[in-house]
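Protein sequence lines correspond, in order, to chains W and S.
Numbered according to numbering that gives the first Met the number 0, the first sequence terminates at residue 369, and the numbering increases by one at each position without gaps.
Numbered according to numbering that gives the first Met the number 0, the second sequence terminates at residue 448, and the numbering increases by one at each position without gaps.
Possibly wrong hints are sitting among the right ones.
List of simulated lysine-lysine pairs, DSS-like, C-alpha gap at most 25 angstroms [claimed, not checked]:
| id | chain 1 | residue 1 | chain 2 | residue 2 |
| --- | --- | --- | --- | --- |
| 1 | S | Lys332 | W | Lys23 |
| 2 | S | Lys430 | S | Lys382 |
| 3 | W | Lys252 | S | Lys173 |
| 4 | S | Lys205 | S | Lys172 |
| 5 | S | Lys24 | W | Lys22 |
| 6 | W | Lys252 | S | Lys179 |
| 7 | S | Lys24 | W | Lys23 |
| 8 | S | Lys24 | W | Lys18 |
| 9 | W | Lys67 | S | Lys56 |
| 10 | W | Lys110 | S | Lys24 |
| 11 | W | Lys22 | W | Lys110 |
Here are some of the chain W residues that sit facing chain S, going by a computed Cβ distance under 7 angstroms [as the list claims (entries may be wrong)]:
| id | residue |
| --- | --- |
| 12 | Glu53 |
| 13 | Ile119 |
| 14 | Thr121 |
If you're looking for bench data, these hints aren't it; they were derived computationally from the structure.
All of these numbers come straight from a predicted model, not from anything done at the bench.
From the three backbone atoms N, C-alpha and C, an ideal C-beta is built for every residue, glycine too.
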Amino acid sequence: MNIKIQKTPILNAILLAEKLIGKKESLPVLSCILIDAQSAPGGKSLVIRATNLEAGIEITIPCDVSEKGTIAVPASIFSQTLRSIGADMITLRTEEGNLIVESKGTKTLIKAIPHEEFPILTAESKGKGIAISREKFLRGLQAVSYAASTSMIRPELGSVYVSLKREGLVCVATDSFRLAEKKIVGVVSEDGNDILIPLKHVGELSHTLERIAEESIQLGVDDAQLSVMGDGVRFISRVVDANFPDYKTIIPKSASTDATLLKADLAEMLRKARVFAGAEQHVGLHIYPEKKIFSATARSAEVGEMSDTLDAALSGEDLDINFHIGYLAECLPSIPSDSVALSFAGPGRPLVIRGVGDASFMYLVMPLNK
Amino acid sequence: MPTNRELWQNALVQIELGTSEASFKTWFRNTDIISRDAGEVTLAVPSKIVKEWLMEKHHKLILKAVRGLDAGVRSVEYAVHRTPASPARATARPTPSENASLDLQSLYIDKRDNLNPRYTFETFIIGPFNELAHAAAKAVLEHPGATYNPLFVYGQTGHGKTHLIQAIGNQFKKANSSKKALYVTSERFAMDYINSVRAGRANNFKDQYRQYDLLIMDDVQFIANTEKTQEELFHLFNALRDNNKQIVFSSDKHPTLLPGFEERMRGRFSAGMIAEIPEPDVESRVAIIRAKIESHGFSVPEEIIQYLAENVRGNIRELEGIVNTIVCKSQYKGKGITLPDVKALVKHNVKPNKGVSVEEVVRRIANYYEIAEKSIYEKTRKKEVVKPRQVIMYMLREEFSVSYPSIGEKMGGRDHTTVIHSCEKIKEEIKTDSVLEAELEHIRTLIHA
Numbered sequence: 000m001n002i003k004i005q006k007t008p009i010l011n012a013i014l015l016a017e018k019l020i021g022k023k024e025s026l027p028v029l030s031c032i033l034i035d036a037q038s039a040p041g042g043k044s045l046v047i048r049a050t051n052l053e054a055g056i057e058i059t060i061p062c063d064v065s066e067k068g069t070i071a072v073p074a075s076i077f078s079q080t081l082r083s084i085g086a087d088m089i090t091l092r093t094e095e096g097n098l099i100v101e102s103k104g105t106k107t108l109i110k111a112i113p114h115e116e117f118p119i120l121t122a123e124s125k126g127k128g129i130a131i132s133r134e135k136f137l138r139g140l141q142a143v144s145y146a147a148s149t150s151m152i153r154p155e156l157g158s159v160y161v162s163l164k165r166e167g168l169v170c171v172a173t174d175s176f177r178l179a180e181k182k183i184v185g186v187v188s189e190d191g192n193d194i195l196i197p198l199k200h201v202g203e204l205s206h207t208l209e210r211i212a213e214e215s216i217q218l219g220v221d222d223a224q225l226s227v228m229g230d231g232v233r234f235i236s237r238v239v240d241a242n243f244p245d246y247k248t249i250i251p252k253s254a255s256t257d258a259t260l261l262k263a264d265l266a267e268m269l270r271k272a273r274v275f276a277g278a279e280q281h282v283g284l285h286i287y288p289e290k291k292i293f294s295a296t297a298r299s300a301e302v303g304e305m306s307d308t309l310d311a312a313l314s315g316e317d318l319d320i321n322f323h324i325g326y327l328a329e330c331l332p333s334i335p336s337d338s339v340a341l342s343f344a345g346p347g348r349p350l351v352i353r354g355v356g357d358a359s360f361m362y363l364v365m366p367l368n369k
Numbered sequence: 000m001p002t003n004r005e006l007w008q009n010a011l012v013q014i015e016l017g018t019s020e021a022s023f024k025t026w027f028r029n030t031d032i033i034s035r036d037a038g039e040v041t042l043a044v045p046s047k048i049v050k051e052w053l054m055e056k057h058h059k060l061i062l063k064a065v066r067g068l069d070a071g072v073r074s075v076e077y078a079v080h081r082t083p084a085s086p087a088r089a090t091a092r093p094t095p096s097e098n099a100s101l102d103l104q105s106l107y108i109d110k111r112d113n114l115n116p117r118y119t120f121e122t123f124i125i126g127p128f129n130e131l132a133h134a135a136a137k138a139v140l141e142h143p144g145a146t147y148n149p150l151f152v153y154g155q156t157g158h159g160k161t162h163l164i165q166a167i168g169n170q171f172k173k174a175n176s177s178k179k180a181l182y183v184t185s186e187r188f189a190m191d192y193i194n195s196v197r198a199g200r201a202n203n204f205k206d207q208y209r210q211y212d213l214l215i216m217d218d219v220q221f222i223a224n225t226e227k228t229q230e231e232l233f234h235l236f237n238a239l240r241d242n243n244k245q246i247v248f249s250s251d252k253h254p255t256l257l258p259g260f261e262e263r264m265r266g267r268f269s270a271g272m273i274a275e276i277p278e279p280d281v282e283s284r285v286a287i288i289r290a291k292i293e294s295h296g297f298s299v300p301e302e303i304i305q306y307l308a309e310n311v312r313g314n315i316r317e318l319e320g321i322v323n324t325i326v327c328k329s330q331y332k333g334k335g336i337t338l339p340d341v342k343a344l345v346k347h348n349v350k351p352n353k354g355v356s357v358e359e360v361v362r363r364i365a366n367y368y369e370i371a372e373k374s375i376y377e378k379t380r381k382k383e384v385v386k387p388r389q390v391i392m393y394m395l396r397e398e399f400s401v402s403y404p405s406i407g408e409k410m411g412g413r414d415h416t417t418v419i420h421s422c423e424k425i426k427e428e429i430k431t432d433s434v435l436e437a438e439l440e441h442i443r444t445l446i447h448a
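Just need the whole structure built from these sequences, with the hints factored in.
Following this line, the structure appears as structure tokens:
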């Protein structure tokens, strides 16, 4: 193999691919990236591959190929090497099975690992993918992924549910204590299946989407595998084959108490409550519409206690209710509006949080039992 | 023929020899044979990447290993696992256990009345053994609060008490949409009470339970010896009954035999209608097994159903367990199941009727009547000893078919005519004395336990 390539694109590609590689792999080749200047069409590009067996990535970069070839080198060593290079053009070639990286004034030899051991990342899935807006897809995933369960005991809860319909994209995640739903209208080219992407791969996918320049990407699901393509990057991951709970039935139909307040006020109050709530992180909300009072209290034996009153527009019945602070606070960054509307359905029933004037996002959170 | 699991475990040993350790650990982790049908083996793998790799690189090795163990195998296919085993990640944040959870898993159970819609009269199988209880339930539904109030259903675990009383609740709900029903286990009732007392809301608790038109309390035996909870139940009972609200109880014993309950409570339990659900007879078992198998969309030969009905003793829950095993097994194998298969299964699933020594029987029955074991063997004619002694003789004869002379010998050298007399006497008494009959039923479970 002998190729000439610009430094920035290959370094970016390696950094992206490196994210996917597992820390402790029993098979040495799995901590490697594969540099493939063999199969790419036209001899004008090379393909970088990395995988952790559950997810994988393929990045195609234009370059000048004078001799075809394939090699696998440890990802961290290769990325360290590239980072230290100052020059703009570099040459990669193989010599006695090892990789030589040359640029103006530097020469590095990296021990390679037999590339025949490297897993096969399946060729493009059959059929046309679904076209979708990259930025909106990323926004949908980020708006809900924090609500998914971090354990895979129930795979459907440890995943983000994505529904692709012509009328729009819906992303939902829940860990059974709270649920986040983001709807984005009209960004999908055609109806597709519902998919469940494991939380772990949602992180990898989001990271990849952030670094793709193209605005429209292709999405396909085939044989329990999701593939996302765009801008010379192909990301694949395992999807969960399970049924997402029918969450629509648990959304309260009507509210008994409503409160509308500034998001910044609520966020500030929760930040303060965090300090006083101690290890338990409980906050009590006290809403008395008649007396026009919306107050929050938090206390712990070690720190002390706080009681804050917030300006809010209120209606409905009086209510005292307790929440876990984290569960309330985590949804706020996903709400673009300045004001938030809290709809309580009474004691022991879930609270619905939405941005005022924003129908796209909904967050459901259960109160504490006591 | 080895099972799929054994076959694959043995094949893995062969495969391990043919590959490097790292490669074996990476590619063959979390794999298993999911089906084997007409020489075609399907292997479950955790992801598509693994699937491609095994197909491409290890197919020959796998095929050779599997064929070496089962010559009938012609081909190996690969399928991505339905629910792949994923490495458990450390939980980033502790889940506050006191946080109520969204009702995702139990959407099924109605929160307001705790009734599970799965239990209905349509799925309730009626046989000679539960006719009475079923008829009583139907009568209650026709005139709630009037005919039989309370309805008290009792029987051993797994005989369908919960199904019946939940069906009453569901039917009641369907017929009277404006009225309120509540199903509660006695344990839950006790917890509610304790929590309300702790929170200083005991009055709330009273009001909360008094609003129902139908109250169903399951397994009342669990609040035995809880003085205050029983008192609360007593007042609740009176309040509901005075307002002609229907109450349904279930328990594992006849109310008069419930230990740890005050007399006034027992009296109230017995005030309405008491219906027993005894052990199902063979015909009913056949009907139950058939219905369970059909509910799985399955059919098995008549001889198997007959065999199960006759040989699986014990409760309906156990029967259901065996039926599930059979259905699962035959789906797994992908072909019909035969009588020898079932016999093998039943052998595993049913506790053998293990031998109990005469001394053990004597000890258990003496314990039951709370008398000294050795007084049984003595020549005393005290009333409190005579009855247990007669019961022991009766049990030895009826349950273990011990001969009359040898019973007499074991009971401290008594004449066989004494033994015959005792057995006859008990037999006669059962006919008129239902308390004794219930005692014997209880003793029977004790000595077989």
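Verification of the hints:
no.: 1; hint: S/Lys332 - W/Lys23; result: violated (38 angstroms)
no.: 2; hint: S/Lys430 - S/Lys382; result: holds (21 angstroms)
no.: 3; hint: W/Lys252 - S/Lys173; result: holds (22 angstroms)
no.: 4; hint: S/Lys205 - S/Lys172; result: holds (22 angstroms)
no.: 5; hint: S/Lys24 - W/Lys22; result: holds (16 angstroms)
no.: 6; hint: W/Lys252 - S/Lys179; result: holds (21 angstroms)
no.: 7; hint: S/Lys24 - W/Lys23; result: holds (13 angstroms)
no.: 8; hint: S/Lys24 - W/Lys18; result: holds (23 angstroms)
no.: 9; hint: W/Lys67 - S/Lys56; result: holds (24 angstroms)
no.: 10; hint: W/Lys110 - S/Lys24; result: holds (24 angstroms)
no.: 11; hint: W/Lys22 - W/Lys110; result: holds (19 angstroms)
no.: 12; hint: Glu53; result: holds (5 angstroms)
no.: 13; hint: Ile119; result: holds (5 angstroms)
no.: 14; hint: Thr121; result: holds (6 angstroms)
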